[in-house]
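One-letter residues, chain by chain:
Number of protein chains: 2
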Amino acid sequence: MDRLIQFLRELTPEIEKRLAKLLPFADQRPETLHEAMRYAVLGGGKRLRPALTLASFLAAGGGNRAGVVDAACAIEFLHAYTLVHDDLPAMDNDAMRRNRLTTHKAFGEGIAILVGDALQALAFETLAAASGDKASRTVPELAKAAGSQGTVGGQALDLESEGGEQDPELIERIDKWKTAALIACCCRMGCIFAGGDDEKSARLGEYGEAVGVVYQICDDLLDFTEPKPASAKGASKSEAAKQTYPAAIGVEAARDLAARKNAEAKHAIRDFGREALYLRLLADYLLERKA
Amino acid sequence: MDRLIQFLRELTPEIEKRLAKLLPFADQRPETLHEAMRYAVLGGGKRLRPALTLASFLAAGGGNRAGVVDAACAIEFLHAYTLVHDDLPAMDNDAMRRNRLTTHKAFGEGIAILVGDALQALAFETLAAASGDKASRTVPELAKAAGSQGTVGGQALDLESEGGEQDPELIERIDKWKTAALIACCCRMGCIFAGGDDEKSARLGEYGEAVGVVYQICDDLLDFTEPKPASAKGASKSEAAKQTYPAAIGVEAARDLAARKNAEAKHAIRDFGREALYLRLLADYLLERKA
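Residue numbers (my numbering), protein chains in the order written: chain A, 16 to 306; chain B, 16 to 306.
One or more hints might be untrue.
When chains are identical, the list treats them as one kind, so a pair holds in a single copy or across two.
Under the rule of at most 25 Å between Cα atoms (straight-line distance), these lysine-lysine pairs were calculated in the DSS-like manner [said to hold, decoys possible]:
1. LYS32 x LYS159
2. LYS281 x LYS191
3. LYS149 x LYS159
4. LYS61 x LYS36
5. LYS120 x LYS191
6. LYS120 x LYS159
Derived by calculation from the structure, the hints in this document are not laboratory data.
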């Protein structure tokens with residue numbers, strides 16, 4: 016695990032610096048929108064998706080990092096937009112995120128909607144600029160992961176099924192679309208930038224989908240076993256009303272499922288060599304993480 | 016003008032058919048989201064942006080239409096998303112559009128936000144698929160036009176300046192970003208698909224920006240001189256509170272400005288031959304259109 020911590024300790028500041036540079040500056044018009052975009056992106060976060068993108072890039076053979084770092088930032092912009100929109104009153108209605116006010120609480124609902132919209136456009140602008148000739152492969156990857164059978168579709172199912180009876184089949188679909196699709200996209204994106212072949216890309220996509228599900232189950236386990244105080248969540252919709260594995264099949268069974276998915280992830284990349292070290296460590300890190 | 020009417024009469028059904036095919040079907044999961052996406056896109060509309068894209072394509076030399084028709088549909092998806100988000104309660108709070116309920120009134124606010132988000136992703140997915148090797152040029156065009164110094168930036172300024180003193184310099188900026196940026200993008204996009212050079216692309220972009228401003232001024236003139244009945248607008252924010260040329264400089268001066276911009280548009284494409292006929296006719300059509 017020390018190797019992974021070292022990897023993240025070097026990568027995270029590099030990503031933070033690049034995100035800050037790729038975002039429009041707050042003294043450029045429209046200032047409020049730009050300030051709010053920076054607030055939404057630069058307010059912390061684990062930068063897990065960039066880490067998975069870079070770890071997959073290395074696993075697939077590596078090479079010149081410049082393009083893939085910007086592609087990782089593009090995915091992080093996309094992810095940041097989904098958080099801003101998910102927090103809105105018409106969605107999860109969260110007042111706090113990462114110990115700060117959510118974007119709509121800090122800047123108002125209209126600006127928060129626009130922040131998400133502009134971050135999605137910035138994600139595609141950044142990705143296309145980073146991709147050059149590869150844009151015809153990278154842009155569809157991100158667009159599909161972000162679309163109506165990706166993060167947005169998962170959020171739609173999540174929203175519609177709130178308060179309904181817990182349904183493991185539905186939860187599988189929600190977790191895959193809402194969380195795992197974008198994480199699998201990170202892994203395939205890293206492979207494209209390393210010039211990896213379709214076989215490698217498919218294996219890395221399987222790995223990404225499995226660790227994405229692990230990530231979501233562990234997130235739900237944390238919320239289920241250590242619910243946040245009401246003050247930290249504002250008027251947030253009850254976690255219990257959401258479709259989650261811990262609520263549907265119980266804490267132990269959810270933990271078992273996460274462990275099986277972790278094994279699936281490592282199995283998918285079994286033929287990769289030592290270059291896949293960080294992916295293997297990340298898989299375990301995601302399974303074992305605590306609040 | 017008969018030539019233009021014939022052009023639009025042939026093009027519009029072709030675009031409608033292609034939009035219907037490119038959209039996810041309503042019997043695919045998540046069904047409600049897909050039904051709402053189709054509602055938002057297929058509920059009429061002039062399909063002006065596809066017309067400008069195709070007219071610019073012809074003006075720049077034309078060629079195989081397949082790619083450019085899909086690119087025009089991509090821009091229409093992008094445009095449709097901005098309408099869905101602009102109508103939201105936190106924005107313009109409109110209940111009706113094109114004589115039907117707005118998307119959030121028909122499907123709820125959460126789904127409407129997600130419809131916009133998914134349509135933006137679909138726009139980039141469609142554009143990249145249509146572009147092939149040209150994706151590295153087409154995707155940044157659309158992303159910039161859609162971003163924080165394009166349609167989203169214009170909407171942010173519009174939102175922030177509501178109720179403030181009318182300011183012609185601010186109105187110029189709002190109109191350029193909110194409306195003209197995407198229309199100029201249509202014109203440059205058509206040029207890219209025709210294989211036109213940078214000089215042609217720049218002239219077509221100037222044309223597009225000018226007719227985009229004409230379009231917005233005439234829209235504001237229609238609202239100003241023939242305000243819609245309150246019943247048609249729901250709880251919509253007052254048009255008078257918005258920054259517009261008719262409110263700022265008066266109806267006659269706004270009409271004069273639109274006429275000057277129309278002349279600018281035609282001047283920008285003065286060196287184009289008869290292939291630019293539809294662009295010239297469209298410029299006049301946009302100046303003279305009635306409710």
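The hints, checked one at a time:
1. Proximity of LYS32 to LYS159 under the C-alpha cut-off of 25 Å is restricted to the inter-copy arrangement: shortest distance 22 Å between copies versus 27 Å within a copy.
2. Taking identical chains as interchangeable, the C-alpha atoms of LYS281 and LYS191 lie at most 25 Å apart only when both belong to the same chain, with a minimum of 18 Å there against 51 Å between chains.
3. Taking CA atoms no more than 25 Å apart as the test, LYS149 paired with LYS159 passes in both settings, with 16 Å inside one copy and 19 Å between copies.
4. Proximity of LYS61 to LYS36 under the C-alpha cut-off of 25 Å is restricted to the intra-copy arrangement: shortest distance 18 Å within a copy versus 39 Å between copies.
5. For the homomeric pair LYS120 and LYS191, neither the shortest alpha-carbon distance inside one copy (29 Å) nor that between copies (29 Å) is at most 25 Å.
6. Within a single copy, LYS120 and LYS159 get their C-alpha atoms no closer than 30 Å, and across copies no closer than 27 Å, so neither meets the 25 Å cut-off.
Hint violations for this structure: numbers 5, 6, all remaining hints satisfied.
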